[in-house]
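J.: Given next are the chains, with one letter for each unit.
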Amino acid sequence: MAQARLDRREQITGWAFIAPALILLGLFMIYPIVWSLWMSFQVGKGMNLSFGGFANIVRLTKDPVFLRALGNTFTFFIFQVPIMIGLALLFAVALNDSTLRFRGIFRTAIFLPCVTSLIAYSTVFKSMFATDGIFNQALMAVHLIASPISWFGDPFWAKVAIIIAITWRWTGYNMIFYLAALQNIDRSIYEAARIDGVPAWARFRYLTIPMLKPVILFTTVISTIGTLQLFDEVYNFTAGTGGPSDSTVTLSLYIYNLTFKFMPSFGYSATVSWVIVVLVGILTFLQFLVARDRKIKQ
Amino acid sequence: MTVSPMIAGAAARPVARAFVPGNAWALARRGLVYVLLSVAAFLSIFPFFWMMVGATNTSAEIIKGKAWFGGALLTNAATFFAQVDAPRIFWNSGFIAVVATALTLAISSLAGYGFEMFRSKIRERIFGLLLLLLSIPFAAMMVPLFVMFSQAKLVNTFASVILPTVASIFIIFYFRQATKAFPSELRDAAKIDGLKEWQIFLFVYLPVMRSTYAAATIIVFMTNWNNYLWPLIVLQTAENKTITLILSALTSAYTPDYGMILFGTVLATLPTLVIFFLLQRRFVEGMLGAVK
Chain Y
11 MAQARLDRRE QITGWAFIAP ALILLGLFMI YPIVWSLWMS FQVGKGMNLS
61 FGGFANIVRL TKDPVFLRAL GNTFTFFIFQ VPIMIGLALL FAVALNDSTL
111 RFRGIFRTAI FLPCVTSLIA YSTVFKSMFA TDGIFNQALM AVHLIASPIS
161 WFGDPFWAKV AIIIAITWRW TGYNMIFYLA ALQNIDRSIY EAARIDGVPA
211 WARFRYLTIP MLKPVILFTT VISTIGTLQL FDEVYNFTAG TGGPSDSTVT
261 LSLYIYNLTF KFMPSFGYSA TVSWVIVVLV GILTFLQFLV ARDRKIKQ
Chain R
-15 MTVSPMIAGA AARPVARAFV PGNAWALARR GLVYVLLSVA AFLSIFPFFW
35 MMVGATNTSA EIIKGKAWFG GALLTNAATF FAQVDAPRIF WNSGFIAVVA
85 TALTLAISSL AGYGFEMFRS KIRERIFGLL LLLLSIPFAA MMVPLFVMFS
135 QAKLVNTFAS VILPTVASIF IIFYFRQATK AFPSELRDAA KIDGLKEWQI
185 FLFVYLPVMR STYAAATIIV FMTNWNNYLW PLIVLQTAEN KTITLILSAL
235 TSAYTPDYGM ILFGTVLATL PTLVIFFLLQ RRFVEGMLGA VK
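Protein chains in written order, with my numbering: chain Y, 11 to 308; chain R, -15 to 276.
The hints are simulated quantities; they were obtained by calculation from the structure and are not laboratory data. Idealized CB from N, CA, C, for every residue including glycine. There's no promise every hint is true.
Said to hold, decoys possible - Computed beta-carbon distance windows for the label pairs: (1) R:T239 <-> Y:A212: 52 to 58 angstroms; (2) R:W52 <-> Y:F295: 48 to 54 angstroms; (3) R:Y197 <-> Y:W25: 22 to 28 angstroms; (4) R:G55 <-> Y:F214: 28 to 34 angstroms; (5) R:L116 <-> Y:A202: 35 to 41 angstroms; (6) Y:R215 <-> R:A143: 49 to 55 angstroms; (7) R:I106 <-> Y:E201: 44 to 50 angstroms; (8) Y:G114 <-> R:F79: 22 to 28 angstroms; (9) R:A8 <-> Y:F295: 44 to 50 angstroms; (10) Y:F214 <-> R:L115: 50 to 56 angstroms; (11) R:Y18 <-> Y:L227: 28 to 34 angstroms; (12) R:T239 <-> Y:R113: 43 to 49 angstroms; (13) Y:R197 <-> R:G55: 52 to 58 angstroms.
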């Protein structure tokens, strides 16, 4: 770039271009974030808050619903993200073959779910998950189950239903990132490997995966943030309860209920929201660590 | 090397394939890929089909899993329009989505251009900070935001829905990445011609980057049209609610009338589907450009 040093006028122009965004971000993002950090150390009902030190953090450790929400959110994260990332990679690699027929149709079809709103698709899935509904009928037709599952009457199957739904919605979205990255990889590398007799699985393991690592890391981080914030689907599936018996309540749903449903306790709900921030931080850090570790080994 | 495979391929390939054992394996694997992708495509499309079929069936038929078109479309439509003030609700959703999209594109593309074209140490630091903020979930600002808007007496207005979304860090980042591909000779030439910076942005940058704007339009419009949690918090009276909120409220009923709800879901999904198919090519181009 030819801009070793900007003159005074260009400096001012530079600020002018970014000023509207910075003002809005300051007002509607940075200020609320700082405020909520401050709030998380306050106790009281509604806006009658007073400084409580670590009282809220102590309360967290004794709050069964919070612990439930934490556990549920982790369950969603641990099962859903790897399944989705794996499927997205598989589809992307399959679609990256330029000799494949109907590529465009396959790609559009698999991507299509992510144009739906979270509420629209969870409504559609809710009607498919009815006890006598199409989903149970299909599973019984292929003899995967003997009798209908009561998807939202059972704590275990309620979680499974939510995982199925989220995976449907987001796999194509992640796939597009991998496809884009795969198209930037130099084809001649694959040709050379093929001529040298490297089998397909090894090309995938030792060529595709390492070259896609930055994108995989990016999508994993994005998915982690998304899963930890899970709200719309659960709220819509369970009519806001997180039921049956709190088995699907997530951290975000609990924050919403603490703030707007139960006796409003802004301080405590701010504390719960910072638990999400800390978790995102830790998990992102771990993911970076794992990604870097592998690089050193090779 | 460049010519021979074409000649050999055209004549010999279909015959040769069947006889080499290695090719039989390749053929089987190719078949497997088609099966895999067909199943995935079917499962991805089916809920859309189900939604349209459901709009023509009664609620009882839907929860019994009837997967073909029925005769209840008009009844469902009538029930939906009787329960929901549809013109009003769709106007709310449309107004919020269009205004928010226009403002987001304007403000975030200005910032993306500014960060990339006028680099300085402080602005790079700020940009780094913004990327860090990208990982802070909405939940962590939701409560103070609500308090702010209720103190400003703006709760239950469209402004309260739109304002927090218009400076989008993700879209700023997206525009900055795309600006890296903007040919700097164009800017230099425009400068020599005596154009001011805002004129360059408006008359040179904007037309050149229309693919980027198209892709960003899809992303931002869909995000706003589909936005749920924040509107759920700030839009409190029935006449101000968006279609997303209404659908969710209808679904939460103790015995939801799925025929009517799926009819509404079709209506709510249509705009995003239309925009997607109209701008699909641009969208893929834009996405690829951003990842490069």
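J.: Can you name, in rising order, the numbers of the hints this structure does not satisfy?
T.: 4, 8, 10
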